[in-house]
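Student: Here are the chains, one letter per residue:
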Amino acid sequence: MAATDKTYRSQRTLDIVFAVSCILMLVSTVWMLVVDYNREFKTVQRTFRDVESVLDERQMVSQLPDRAEVERLQKDVVDKRQAVDKAKEGVRAEDRRVTALRDQRTATYQAVKADFDSKSSFYNIEIDERDQPGISDWMRQERAERVKARRQELDRLQQDLNNAQKALDEADAEYKEKVTDPVAKAQNELSDAEDAEKKVAANFDRFAKLTVQKKWGLGDAFRALPILDAFESPTKIKQIVLSDLPIEYGSFKYVTRYDRCTSCHLAIERGGFDRATLTKLTRTEQEAREAMKQAAMSASNDIAALAAAAPTDDREKADANLLKVKALLDSDQKPAADNEKPQDPYAVVNALKGVLNDLRGGDVPGTAYGPIDEELARVKVLTDQYEEAKSLPKKLETARRLCQECKDKGENLGFDPGDLPSQARTVSLTAGQITQYAAHPRLDLFVDSNSPHPMEKFGCTVCHDGQGSATDFQLSAHTPSDARQHKQWEDLYHWHSSHDWEFPMLSNRFVESTCLKCHYQVTDLVRDGSKEEAPKLLRGFNLVRENGCFGCHEISSVMKGREVGPDLRLEPSPALDWLSPTEQDKAKADPLNPPGTYRKVGPSLRRIAEKTNEEWVRRWVQSPRGFRPDTKMPHFYGLSNDNPDGPEVADLKRRLTAAQDALNAAKEDEKKARQKEVDDLRAALMVEKDFPPAEIHSIAHYLLTESNRHLEGKDTYRVVLEERLKELQDQLKQGPLDERDRKELADVTHRLGDLGLLSIPTRAKEIDDLSTRLKQTQERILELYAKEAQQKQKSADDEGEGSDAKELMQLKKDLDSLRQDLEKAGLPIPIAQQIFDEQGEPVLEALPEPDKNDQAKHLTEGHRLFTERGCLACHVHEGVLKKSDDGVPSVPAAAAEFAPDLSRIAAKIAPLKAGGKEVDPKARRRWVVQWVLNPNIYHPRTRMPITHLTVQQACDVADWLLSQEVKPEELADWKDPELPELNALVELTRVYLAKAPGMTSHKVEEILKLDEILPKEALDDRTVTGFTDDDLKYMTRDADERVLHGPIARKDLPDKLEWYIGRKSISRLGCYGCHDLPGFETAKPIGTALNDWGKKDPERLAFEDADAFVREHYNIVEARDAAGNRHQADPDWHSKGGKPPYEKLFYDALEHHNREGFLHEKLEEPRSFDYHRIRSWDDRLRMPQFRFARSRPRAGESDEAYEVRREREEGEAREAVMTFILGLVAEPIPQKFVNAPGPERLAEAKGRQLLDKYNCIGCHQVRPGVYDFKPTKDSLDALEKVYQNYEKNNAKKDHVFPGHNAWTGLPSPWPDRLVAHGTQARVANDEEADRDLFQLRLTEALRFANNDKIIRDIPAGIQAKLIPEDVFHQSAPYGGTFAELLIPYLAQSNSTLFAGKPDEARSVLPPPLIREGERVQPKWLYSFLLNPGSVRPQEKMKLRMPKFNMSDEDAMTLVNYFGAADKLSNPGAGLTTPYLTIPEAEPKYWHDMTNQYLERLKEVGGADGKGLDERGKALLTQLEAGVKLRLEAVKAAAMTAQGDDKARKEQEAKELQATIDKWDKEIKDGSYTDLTGQWKSGDAYAADAYRLIAANPNICSKCHSIGSLKVEGANGPDLSIAFERLRPEWTLEWISNPDRMFGYAPTMPQNFPKDSVDYKEFLAGDSRDRVRGARDALMDLPRLENLPADRATRAAITGGK
Amino acid sequence: MRWYSPAALAVFGAAALTTVLTGCTPGSAAPGRPVLDAAPRADAATPRAEEPWGTIKGNAVWAGTDDEAKPVAANIDKDQAVCLKNGPIYKSDYVVNPKNKGVRWVVVWLVDAEDYKKDLPINPDLKEPKDKTVVLDQPCCQFVPHIVAMREGQDLEIKNSGTIPHNTKIDSPGANPSINPLLPPGSSQVVPGWVAETNVSTVGCSIHGWMTAYIRVFNNPYFAVTDEDGNFTIKDAPAGKYHIVAWQESIGYLSKSYKKGDPIDIKLGKVTEVKFEVKPKPAS
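Chains as they are written, first to last, in this note's numbering: chain R, 1 to 1697; chain S, 1 to 284.
Hints are computed from structural coordinates only; laboratory data are not their basis.
All C-beta atoms, glycine included, are put in the ideal place defined by N, C-alpha and C.
SDA-like, lysine to any residue: derived pairs with alpha carbons at most 20 angstroms apart:
no.	chain 1	residue 1	chain 2	residue 2
1	R	LYS806	R	GLN731
2	R	LYS1293	S	GLN189
3	S	LYS256	R	THR312
Here are the computed distance ranges between Cβ atoms for each label pair:
no.	chain 1	residue 1	chain 2	residue 2	range
4	S	GLY87	R	ILE1351	54 to 60 angstroms
5	R	ALA856	S	GLU114	51 to 57 angstroms
6	S	ILE122	R	ALA856	55 to 61 angstroms
7	R	THR1694	S	SER188	27 to 33 angstroms
8	S	GLY87	R	GLU1435	21 to 27 angstroms
9	R	GLY1539	S	GLY87	44 to 50 angstroms
10	S	GLY87	R	GLU878	43 to 49 angstroms
11	S	GLY64	R	ALA856	20 to 26 angstroms
12	S	GLY87	R	VAL919	53 to 59 angstroms
Modelling step: build the complete structure from the supplied sequences, incorporating the hints.
Tutor: Right under this line is the structure:
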């Protein structure tokens, strides 16, 4: 083709294409820029600048200095500047003079120095010349002379130099004193004044500058322009890189974590950006007023509601006053004009408070700080805000003026005052934006770099989950906390639930669950003793623990060899404590897999036949909550997949009727099909309608049958084991066993031993021994066989063979007897045969039977014992709550949840007479008596302790409990499931048989073939086939099917079938996860392990049609809590048409297949996943339905209100459980992030678990409450007043122990709060301060700096007072509810002793254990826990520490807990733990003290003013008097004594007489040698210390027995146990100041106040010496008691007896 | 409103007078004993006619059964030799005079009709308490007096004139002192710092559990404790409409509106009579 300039394509077309693409490119570029400019985080950051600026403006205003103050300070600066000038002026004359003097002296000095220097160089030269080698002697001589002369000259010059130096120094000093110092002083003052001036305005200046700077200016806008924003843009992504905490994407792919959350959450670490402050920024003055008004109206309404219940007069008055309040609120529509008199801003709050106080009757002690008080506090805060808003414009004006003035003065402000806002600005922020810009609410715990979880180290998504690398709302996978929020987000952010990110952010509700990632102990989330930092998670943990989820679901701490979570596993069965030490060691051998520690939560059912009967068990299994509404036992029946009364059954019935009608009407050829339909429906109906009751009957039958057999020692499992063991042993006798049999032999022996332990653990040692011996014997026999075989191979005739053969024979003989002994030892002893006391010893006498006359008395006694003996610490019983006419006062509403509610116990205990149908009243009583006497007999692993009742008392309690009959109508709805037709049992049996090994469907049909539907009554002797002998051959020895060994008579069929079905059902439902059951000794848990459930892929969860179930069975409500108030239910939260409420959040989660939705439904309605699914009976879901909250109706509560509350409480409890389970993610967090508590913190965390496990806290207060409050001016004033009172009233008498936390408080680690520790906290009207004050009894000293910045310590034991509004966080004391519960009861039951004296009541109740670690010796506590003796006199106490069924290890854990807890909270006490030495019991200590004491005696001239020797003599006389008394007593005793005793007495008298004679002589000749010597060498201090405590009638012996000196009616503990019980340091502090050291004001008085001279006649020295003396005497009392001097002292007190 | 005035305290630096007999007298119902009344009374200064003052007289009468009124001996399980030397010690729940059914140890006081916390006008003669100290003695295992009613500004002297030691544990729920010193025989201690409040302070001895006393503090002189006949007198009270409150230790307030009291119209220059019924509390 010829060349042409024509282009291939049309140029025009190309131009157009080019132009279009250019335009498109431009458009898309612009589009891109616009989109980029508007990226979410950029908008957020731009808005944030406004927020910052407005906030700074507010802060500037709040820092606005007081004009007068500024002026004063400015004037001060001017004055000080003048003072400097003046000072300079003043010193001028001196300056001139001294300067001249100094100059002159300097010159002199320099002249002398120059001279000296030159002369000394000459001297050096001459020395060199003298020492020059090669010169003649005379020349050397001459030069030496010259050196000498020079030397002398030099010395003189040195002297001159020194003098000149001194003169110069003097001149310098004079200059400093007269010239420099005065000026410097003035200058310092000036700079201080300048600092003060700067400081007063510094914050103001700073915020003023920030206010201007943060305004979005031109420069910012420019830098933020597209393209330009690539360089130093004001908006940019912020991120935290966490390479140590990667995200696990599954299958071990780890990706570095980038958290960009702070790109939008811009102020997350800035404390000033709290929600309240931000909210304030959004409100104009009018809005602030509206908010205040609304809060006030709501409070007013609540008070009106309260008033409605008050007596008429009060109500009318309250209503009138409330009307006034309303008028007040309405009146102030517009802000007061300038010239108007300012109104009292708090008029509304105060008026409301007045009405409330009137209603309460003023200052009722113990008034709780209730919700209305909280509301009023909120009104006050809002009032403050309104006031602030009102004053804002004026203040801004002032601020501008102030800055302008400064500028005019020429100050460089760094900004133009004209840029300051001229009028109050607000920013409009949505609630969501406030959250976005708010600081983290717990900066003390998170985010802040000084907190335990700094943001740089932990990031955000480690705790919150979500996609950290995203920078917009949707992609970062936010999760709403309820459906209401969900909706808002949909509207605002187009948010939708996303499936793209596997770990969406945790909803606020579950945010605590991630704590579990690092806090494996869970209880290590409790700080400061009682402050629960993750309350929901802790509650969840406790609920899981209490409800025994771990019985079916393993929750193990270890995965793949490393620790990944908390450890909740069942303890081994039989329990470790029962095993022999060797076996225990074996069980604990693997440190990576130690045995579990949690007991099964349900009672042992091994002996249930002694307690109740089959009918009761059936009813209970069918509906536990029907009998006891708050039981922990879950429901297995009546649920969505096994409810015979459910709609499915009704539907089936309907269909069956229709099908039958159809069949009847059908033509012949259709009949067959119709018949099949009818049969199928009939079968289906049988499954739905008859299987549940059939199973319930079978379970009850199995339990009772096996229990009865167990009591006879014939339980199936035992019989099988015994038979098999005998067989194997017989085989063994015949000859060696093969490997399999040998293993089985060992196994069977072992299992028989275990069964014995489970049956009667009180004989554990005997059983362990026998079982070991049996095992050894069997092993030995096998060994001998082996040896024999070996030898046979070697040679036929060997020497040793004879003895071996003999041994073998003997061993074979032993086999039988050992086996029989083991069998016998392992047999339970029925309660019918024998009752055991608390020691496990048989009670030999017959139980006391009450006769008609004193029955009432015994019932009263039983009632009283039940109330007082601590039962109420764990149980409730309606009988003690209601008024009774037997004189025992009622107890205020109790809420103990630890153990079952016993109100209906009388209906439960109903064992039958042997073989009969009738309840046996005697057996009933015996059972309860045995249970209260020693519950371990019936249920060996029970946590119920032994309460030390006598047999008579146990009978009284039992009789009272059984006398509290339950009205039949109460249980009218609690029905016995009807036993279905035999065919149902047969069909059900077939279901299970089909799964039996080796079964064919034909066989299943065959063995139970019945040719007709049989009514229950028509069972005769005809037989069914059953399993043949042949079949049995192929079954294992313990196969359940063996029970169906045929032929079976029809009349025996129900029993056999029920046994079989019962057993199979129990296996299916896993009852043995909670109960110890006969026949399930080796069964394995049935549930999924929960170790890592929290990160389970939702794809792997079978959601099925559960959402449809929820839709059809529940009333889906948007939210549970009312909007904006999480203490109240949403108005829609109630049942509708019989459908209970269900939170939409969880329904959505279920619908969207989220983990939370599944888990929630699994707990709420566990079987609903079977809905609309066809499943065979035994494939159906079997998870039971738990109810965690255990709500109880309150007095006067309507049914509807109770239902709403119950559903809410249940929802909260369920969420707590979910929080725990969602936290089980088994994520391998790097070790450095895992919380590794120090030994003390670990001991504390572990101990707390045990305190909960045994409910120690039911009785004892273990930790004080913790109260955080803001140190406002008012609170500091209130505290200062308390301190002044202490100074005035108590300080003079206080012995202070510096460093100990009872006297020295710790400085608060946070500047914005103070922390008080104390008990008995309440809000009470303080008339002195004329307002409500929050009062608490301090248990640790409280340190604060008062308003004058003086540091104060208010010591423990003082009532601290605070302003209630300032207390922003309270943690109640840990434990002690029972003691508090019984105080009002005791005041009624014995008004003389206890009315108005709560501390006296507390002193007869379980003591608080605050400072227990400091108080008691670890060794004592350990043995006390294991075997508690009595400490305080029992006749005064209401109860005694019960004996818990705890292991040595548990006791040690508790001992460590108390030591660790006190060591942590009181480091100044120098506690040593767990070991302790008592130096006060060492001879060296006494030796030193005696020497010191003798010195002291010399100084003070004797204890009672006499000299040292005089003192010795006085003692001798006193001693002699004592000995004489003793002599008389001995003589008198000798007169009446007989035989040997008489001789002994006479001998003693003779010796005493000899002593007296010797001493008489000493007194006569005045030598006193013998005695004084002895006294001085060792007894002086000991004798006086002992005298102080024993011979002083005014102190110790008023309340305490002192060793062998018994005091009648003692109130305090016998002091003879002090030496092994108490720690010396604590004892010293306690005797010094009892008030400081206890959880309540102790009844013990202060016997030796500081500076008191009382009792110096007993022990010389000051009062502190006497405290020490008393303590020392206690610490070595056993030795002291036997010193001769002390024996004489005692004889003098007791008159020789 | 400020009830407590340090200035007022300072004025009372005068000599302390002991108003209490310290003899070892048992029982509380035994008639014919000198009345131990810590309440500082106005002297017989009859109000001048032109001044608005009046007198209140009244009594507390038993409204329970005779059985309930019978004195019950307390269980004295310690130091019997000393404590029981003057006969048995009775429980103090109710002390009823068998002759005229008068109830002893009822505290009666006057409050404002509207606001029980409001200050009352005080007769100038009674502006200041007569005595600086009020004595609470324990001569014979019982506190004497059983009820201390005192004025703000007075100090309490706790004293043991007996022969055995006692501790004196004072518990105050409000602002008043809570202390627990040991008092050997013959000793005493002055406790200052009492302020008027409606809370009652309880006094006990932990060594002898049955010993109980109560302390009430007022900021005006218009209070009284009934004597063994159940009678009381409040003199020089402001005339007009006020409320009168009565309180008994086992029952609490006898007045219908509890601490707000029952209306009383105090007549100028005359004697106004009041009567309180003491009905024992039913067992709970």
